[in-house]
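Q: Residues per chain, in single letters:
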Amino acid sequence: MSEGSPPTPAPADAPRTVRRRRDRGPIYVAAGVIAVVAILVGVGAGTNWYGLVHASTAACPTGVPTMQGAGAAFPAAIVSQWETNYARADSNTVNYVGSGAGKGISSLEAASVSFAITDEGLSSTDSSTLYAAIGSFLTLPVTGGAVVMVYNLGSSYPGPLNLTGSEIAQIYLGTITTWNDATLVANNPGLHKVTTAITAAHRLDPAGMTYVVTNLMSLDNKTWRTDASLGTSLSPTWPTFAGAASPSGNTAMLTEVGTTSGAIGYTDLYDALEKSLTYASVVDAKGVAVAPTVASTRQAIADVYNATASSLPTPTGDWSSVSWVNGSGVGDYPLATLAYMLVPLNPASIPAIATVGEANVLRQWVTWVATDGQTYSRVAFPFVSPPAPLLSEDVAALSAMNFKGTPLPACG
Amino acid sequence: MGGISRGEAVARNPRARRWVALRRAGTAFRLLLLLVAVGLVTLFVGLAGFLVQGALPSIATFGPGFLTSSSWDIGLDQFGAAPAIFGTLVTSGLALLLAVPVSFGVALFASEIAPRWLRGPLAYFIDLGAAIPSVVYGVWALIVLVPFLAGSVEPALARTTGGAPPFSGSSGGTDLLAAGVVLAIMIVPTVAALAREALRAVPRELREGALGIGATRWEATRLAVLGPATPGLIGAVVLGLGRAIGETIAVAFVIGGAYDTPNSLFARGSTIPSRLVTFFTESRGLTLSALYELAAVLLVISLAVNLGARLLVERWEARSSVRRRGRGATAARPPPVATRPDEPLPAPSWFPRVLAARASRLRRRRFVHMLVVALAVGAVLLAAWPLASLIETSVAQGGRAVVTPSFYTSSPPASCGIGQACPIGGIGPEIEGTLVMVGLAAALALPLGILAGIYLSEYGRRRFGRSVGLVVDVFLGIPTILVGIFVFSLFLSFDRLDDQSAFAGAAGLGVLMLPIVAKVAEGSLRTVPASVREGALALGFPRHRVTLRVVLGSCRSALVTGCLLAVMRATGETAILVMTAGASTYWIANLGTQVGALAPFIYYSFTTNASTNLQTDAWGASLVLLLMMAAVTLAARLAVRGPDGTGSG
Chain V
0 MSEGSPPTPA PADAPRTVRR RRDRGPIYVA AGVIAVVAIL VGVGAGTNWY
50 GLVHASTAAC PTGVPTMQGA GAAFPAAIVS QWETNYARAD SNTVNYVGSG
100 AGKGISSLEA ASVSFAITDE GLSSTDSSTL YAAIGSFLTL PVTGGAVVMV
150 YNLGSSYPGP LNLTGSEIAQ IYLGTITTWN DATLVANNPG LHKVTTAITA
200 AHRLDPAGMT YVVTNLMSLD NKTWRTDASL GTSLSPTWPT FAGAASPSGN
250 TAMLTEVGTT SGAIGYTDLY DALEKSLTYA SVVDAKGVAV APTVASTRQA
300 IADVYNATAS SLPTPTGDWS SVSWVNGSGV GDYPLATLAY MLVPLNPASI
350 PAIATVGEAN VLRQWVTWVA TDGQTYSRVA FPFVSPPAPL LSEDVAALSA
400 MNFKGTPLPA CG
Chain L
0 MGGISRGEAV ARNPRARRWV ALRRAGTAFR LLLLLVAVGL VTLFVGLAGF
50 LVQGALPSIA TFGPGFLTSS SWDIGLDQFG AAPAIFGTLV TSGLALLLAV
100 PVSFGVALFA SEIAPRWLRG PLAYFIDLGA AIPSVVYGVW ALIVLVPFLA
150 GSVEPALART TGGAPPFSGS SGGTDLLAAG VVLAIMIVPT VAALAREALR
200 AVPRELREGA LGIGATRWEA TRLAVLGPAT PGLIGAVVLG LGRAIGETIA
250 VAFVIGGAYD TPNSLFARGS TIPSRLVTFF TESRGLTLSA LYELAAVLLV
300 ISLAVNLGAR LLVERWEARS SVRRRGRGAT AARPPPVATR PDEPLPAPSW
350 FPRVLAARAS RLRRRRFVHM LVVALAVGAV LLAAWPLASL IETSVAQGGR
400 AVVTPSFYTS SPPASCGIGQ ACPIGGIGPE IEGTLVMVGL AAALALPLGI
450 LAGIYLSEYG RRRFGRSVGL VVDVFLGIPT ILVGIFVFSL FLSFDRLDDQ
500 SAFAGAAGLG VLMLPIVAKV AEGSLRTVPA SVREGALALG FPRHRVTLRV
550 VLGSCRSALV TGCLLAVMRA TGETAILVMT AGASTYWIAN LGTQVGALAP
600 FIYYSFTTNA STNLQTDAWG ASLVLLLMMA AVTLAARLAV RGPDGTGSG
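Chains V and L supply the protein sequences, listed in that same order. Residue numbering for the first sequence follows numbering that gives the first Met the number 0, beginning at 0 and increasing consecutively. Residue numbering for the second sequence follows numbering that gives the first Met the number 0, beginning at 0 and increasing consecutively.
Simulated from the structure, these hints should not be mistaken for lab results. Treat the hints with care, since some could be wrong.
Facing chain L, according to a computed beta carbon distance under 10 Å, are these residues of chain V, among others [as the list claims (entries may be wrong)]:
(1) V36
(2) G62
(3) S79
(4) E82
(5) T92
(6) G103
(7) V112
(8) A132
(9) D204
(10) L272
(11) N325
(12) S327
(13) G328
(14) G330
Now the stretches of chain V that chain L is said to cover, found in silico as 3 or more residues with beta-carbon under 8 Å [as the list claims (entries may be wrong)]:
(15) 253-267
(16) 308-316
Every residue, glycine too, gets a C-beta built ideally from N, C-alpha and C.
Starting from the given sequences, assemble the full structure and let the hints guide the process.
A: Right, dumping it as structure tokens:
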């Protein structure tokens, strides 16, 4: 090399002065992700968190997927107590949504729930649709109570309100439009000062309580009875007039009556008490006004049962003409009703019930409701147990439940 | 020495081996991006396909008469869409009528009139209003708005027209008017935010030029800013319309649920989404098919609105002659330039008008300016009242529950005996459900969404890339109830899976989040200057490394913020979870069955029969959601402001 030439480049195989560090970042991230996924999969599979393996083959397993039910809003409060206490007793959970009897029946037809509760024994049309969807089913009376006519007059009318079934019908027909109507004043003298217009609120959705109220209206009022679009139904074609209101769902009904001055509607006794709504006494067949209480309701149901016991259907029979309204005894509250639980005889028709064990748990739940569950009808929850013979029939009928034809085993 | 094959040459040279491996990784990455993009398009096609397939029996049975029939009889199998379409159009139209003036006033105030110290908080509250979940709006509307309307507004309106339609009759408050008003309240923040961006995007010089020759501030805005901002304003309005059409839960709370076409705003009605969310999961047979057809009609309406908006905006922009900031030279005409340094610019068309008007009508012009300022302030106050009322109600009703530690670990309470002390219980299982489902959804949607965003930013200008971009935009605009129906149908068609489960909920939320994350990622990637990318390429980084390490790395904060916002959106989503996750108040024992979550819990507590203590829990849950949205919105605002010091405050 001469002095003037440019410096020679470094030899090709000289060691590099800067060593590039292999970037480990992505490897750590990948390892972390794999570790997390492995933990999740391992733990989840171990505890069956992913629900891919349905419950064990035990005859009466615990920890099965939550049983879903839907139906009438009427008994929702007592069903909530049943859910809580059953979960304590049996370590299996139930979730009931009181979205309305009509929705409960259609959910059961769609087989998206395992049981439904309704205030009306199914008509033969509904019955055959349900039969076509899930096969034979049981109609089991599980609780009862009073449907009350709630109203909102505030301080303008403090006294008790007495209504006959015919007056209720006239209100919903639109022929009685103000609270100081002569017909109403005849039973309630204090009303002659109240000039508020009546807002007659009825349920827009098919409701069990609608069935009960229309039942009484049909018995007491000729127009309601003879009109083909009215009559006794979960969802009659309500007459439309200026004062008619149609809230959808029980919660909306409570809000409507609670906020609209002059409104009248119907709900169950529990909700009326819980929301502090004023409610009416209903005049019975003898002309005596009876207030809705646990005692008057229990008596009404007992009297109707005694009068009709021999003609009541079995759990697999047709309950569509069964009515608990307008008991004939003294002090019977006219708007009493029982609520029926509808349970498929072969729960395999419900996709959510995939094993014998789960079908057995359903049977266990309904049996518990018909036996231990009845102790929760205390005064704090103004519901009434069905007459004891009916409950025994329920338990006996449940033994006929099967899973794809195989009888369900007894619990160990 | 004989020649060696290329493969051998590569095998011998470690550097060449490395380079080939990188090339292969790059190709694999590009293939992955393409897969994700194709997957997105498939997802959309699948959604439309499921709806159409489900609707086929109904289409075959009813034909075009379905759109004009008003019956809905399950027993007789007679169905029609007219009342639902009517309700959707009436409520959305009313919402636009009320919301557009208010939003424009708010936008005007926020961009032109507000003092500097107010702009940040104002922008924050606008964003918060847009982030509040619809179920929280719905509950507030049911408890506060409906009684207010029924007690004060409706009687006043009835008095002015003497009870004639459309102000005839009464419904106790849950009616088409309430639905229209709550929709207006919900879309004001969205439209205001977009309108504000549109106004601010106009170059300052135009406005300053008008001010310089003596226009009042309102005149300067009217002449110089509104014109160029029009495409953005139109886009904002149409986006608000799209949101109003698709809104499900808040409307379902207050619209009353009746199925007819009344001639009064004070009557109960239905919209397509409210009908779908109420009846879909329990219907089968022809009823279900009719509901699918309703959903398909909603999809068509929503697509028409979204695509129509894009077309309108593009056509308006093509006619505009103003260069938009940051968009490059997209103007139809190049901006005027001086040919010599001392030659003045040619004057805009409105110069002579302003000069002539100046002296003669100064006082009147100043009065008009003051009037506009007053109207804008009024609009801000009008928009602020519902938000303030909502926050106040949530805190009053749910505040006690939120500060109780056991609220977050207990289960919702059972019914309470009459006269007994009621346990408050808690929302523990609901929080668990939300965490699990949102977590699963995010685990899927975040990576896939970022990949989709990368694809859009790299290939978004090519033909297929533009279609993918269109699909993402459409996905962003479709009503979430349709996503819920799609996922529900997907799970319904597999017999082995339960219809409603945590998996279905997570899948639904994932489909919701995917386009949001893709859009955010694309936007963040586009903000990185080309020089960064070019520098990395010049240093020898392979292309996929440039994208993944360099470009993603430099927009990290914007990306993280965007992902956080998408996750929060999923947390507040109700309609999808009502369809797919069902209801449960128990701790999760099994992901394959119905699980509870925060937003659906609030929905069920106020619509199905629920006792007062459960509703108090639901208010607590609302407040929890509200606080989360407030925190995330604040974090997003600070993150946007942080790195470069100049925020969009």
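Q: Confirm or reject each hint.
A: Results for each hint:
1. V36: V36/V check passes; min Cβ-Cβ to chain L is 9 Å, inside 10 Å.
2. G62: Check passed: Cβ of G62/V comes within 6 Å of chain L, closer than 10 Å.
3. S79: holds (4 Å)
4. E82: Interface hint status for E82/V: holds (7 Å vs cutoff 10 Å).
5. T92: holds (5 Å)
6. G103: At 9 Å from the nearest chain L Cβ, G103/V passes the 10 Å test, so the hint holds.
7. V112: holds (9 Å)
8. A132: holds (8 Å)
9. D204: holds (8 Å)
10. L272: Holds. Min distance 5 Å.
11. N325: violated (26 Å)
12. S327: Status violated, d = 29 Å.
13. G328: violated (26 Å)
14. G330: violated (21 Å)
15. 253-267: The restraint on the region 253-267 of chain V holds, since 5 of its residues have a Cβ under 8 Å from chain L and three suffice.
16. 308-316: The restraint on the region 308-316 of chain V is violated, since only 0 of its residues have a Cβ under 8 Å from chain L and three are required.
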